[in-house]
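Here are the chains, one letter per residue:
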Amino acid sequence: MEEIIIIGAGAAGLSAALELAKNGVKSIVVADMPSERAQSVMAEGGINAAFMSETDSPALHEEETLRAGRYLANPAAVHDLVENAPKIIEELWADGMLFTLDIDGKPDVRAFGGQSVRRTYYAASNTGKQLMHTLINQIRRYEVEGLVHRLTGWLFLRLLRKENQICGCVLTHVNTGEETVFYGKVIVASGGLNGMFGNATGSVRNTGAVTASLFAAGVAIANGEFIQYHPTTACLHGKNMLITEAVRGEGGRLFTLCNGKPYYFMEEKYPELGNLMPRDVIAREEWALIQQGQQIFLDMSHLDQSIQQNKLKGVVEDCRKFLSIDPTKEPIPVIPGIHYFMGGIRIDRYHRTSYKGLYAAGECACQYHGANRLGGNSLLGALYGGKTAAKSAMTDDFDIPGDVKRQKENPVTKTIDGSYVDGMLKLRHILQNGLGIVRDGEAIEQSLSELTDLREKISKSYDPTASAYENESLHNCCRLGQALLLSADSRKESRGAHTRSDFPEERCEYQKQTVARQCDMEIQITFESVGEENED
Amino acid sequence: MKIEITVKRQSMPNADHRLQTFFYNGDGNLTIADWLSEINQNEAKTDRIAWECGCMEKKCGACAMRINGIPCLACSVFLKDVAKRGKILLEPLSKFLLVKDLVVDRSPMFEILRNMKVWTQEKTQYTYDQDYDLQYKAGQCLQCGCCLEICPNFLAGGSFCGAAAMTEAYRSIEQNEQDDHRAEMVTAYRIHFFSGCGQSLSCRDICPMKLPLDEIQARANGHRH
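For the protein sequence lines, the chains are A and B, in the order given.
Taking this note's numbering, the leading residue of the first sequence gets 1, the next gets one more, and so forth.
Taking this note's numbering, the leading residue of the second sequence gets 1, the next gets one more, and so forth.
Don't read these hints as lab results, they were simulated from the structure.
Quick caveat, the model's predicted, so the values are computed rather than measured.
Heads up, the beta-carbon is just placed ideally off N, CA and C, and yes, glycines get one too.
Where hints are given, some of them may not hold.
Stated by the list, open to error - Residues on chain B that point at chain A, a partial pick, calculated with CB under 10 Å: (1) 21; (2) 25; (3) 34; (4) 37; (5) 40; (6) 47; (7) 113; (8) 118; (9) 120; (10) 121; (11) 140; (12) 141; (13) 172.
To be verified - If you want the ones that stay clear, here's a sample from chain A, every Cβ over 10 Å from chain B, calculated: (14) 24; (15) 52; (16) 239; (17) 438; (18) 489.
Stated by the list, open to error - Derived coverage of chain B by chain A (criterion: at least 3 residues anywhere in the stretch with Cβ under 8 Å from a Cβ of chain A; other residues may be distant): (19) 53–63; (20) 94–105; (21) 132–139.
With the hints as extra help, turn the sequences into a complete structure.
Rendered as structure tokens:
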């Protein structure tokens, strides 16, 4: 079998590469920077897995995942995910991942938002870092054996295809702009759309450009309007820093000041789960208070010293280092920030896209999280998704057409120095306004109209001080931005992370996936039944 | 406060370098990484400074560079704290081949780990001779390269692997079953680290993660065939 091209070197990409290597299949893992710098290293919280016990089961994990996703995730895919979760934890343990241990020396579990049972495996506050260390360590073996090639310094430019069949892709070098072509099946694991918004907690390298390029090439995007705002982030210059959910999991309390006294708004309004309510609920409560001019605080100063110094050590250090705040003594001022994109490339239960030979996994794909994601399910989804995409790529049997001509670019009409940076900043501004925590038809319409103007402007200009890749990406990102706004506009209800002030109720006729497609330069939005992704 | 920030720029490996100076006026309460992000969106937007960054929170190690001659992560150094007599000089790491402006090619760091065959092949069931905390800390290494920049013994592409690879080797040696693969790693460790380390411990002092590189090294040295 020919080499399989994996775009992205984070948890999903490496998981795919490992699965292929274990089956003797070669892969090329393409990324602009090495895996050590992938966004996955930033994940703090943990990995969910429900082992069968008196209190927990995969079925309960499944139920809670589907419920948090407001029944927009493919139930069959979620079923596969939770059934395989315990095995993933066991494999990581066998590969040397240093989970935090319980008193018996076995991996410990902790509570996490939106879940009734403690089932989140973790490595203090650095689960992602320790996970990636383990994956890279294992990948190295297969690199030496010649089964995995980590190709660093290259970016995905565009797909090569013949009608509905993938032939490979064009890559461009991050510094020289040189282009090269690889033929073979492509697994996309390129992360979320952080760069299109600019106020996310994740890596600034997750620009959304790969998804945008695929969308421009006719790949469908599902549930693009579902964007999870993390309720506890702290403002840095230029991006937000996450304060992990684990703080609340360990007993951290959210409050605001009411007549100078702390008002624990989550505990007052939601006595049962309180500070452990799903993220969207908390983010909306905070949003309402912020609209009234209130500052939100997260307090962990009352927790046991041993918890502060062990399980939450990373949080304490980050607050001291980046915010000049000692959270063991004073509360942390927090605001909601973009944390996860539930929507993305539309795939079937086995991570196949509508194009033969193209697969997607991890945050760039729309699969396990529906309208909202449970804490601890993203790393799990990335690991299991990567494996599943790899299995599908190995199973699918067809010849890769090799003689495809690359499309010619549109001729440039006008050059404007600096228009790339200006255009990208404008795009971010538009999307932040139109796709905030609480949305309404008027604001979305306004954003759509501004974005149409921006697209018009960009389509006529070229920034010679930016790379060809950047110019093309900006164009594609604007188009994808329109698709996200149109998706949000079409969903006239509130569900999970999508809140419309003009349509505050969840409506059963919208228990469907929003699907955006680019057809003849027009963007079409349709609603399609959950679990019918194979119909494409 | 007013700060004069000078950036060493070079468009490609074989080109001449030039120094470009910017003038900052503000409270200095932002990191070098934040400043670079901002300048690339404003004053330098038509001639952006090439630099690597990912998380901006000291978790990915991308933004290592020399700041006033000292290797550190741009994301965790505040302007007000590093300005010396109102001046800051930003340069790329010098031990690696230059790619562009502040970007260097750190691939030799990953290459040597492959040469040393560092990976856990069969995890040992015995935990009594392991140091869990130290292994965890070794796993926190960002592979940023600051320790290599400061090390008097390290040369990119040379035989001595430096502290970044040492931490990786330590963890895999300690985790692995007493088998041939482990023996091979121990041998590689002795050739590529033990025999070349001059014990200056400058790596420990410069490490942005404050990893106990001396303790890790001491444990690693103790592992025999």
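- Task: Please name the hints from earlier in the document that this structure breaks, with their numbers sorted from lowest to highest.
- Result: The structure conflicts with hints 1, 2 and 16, although it agrees with all the remaining ones.
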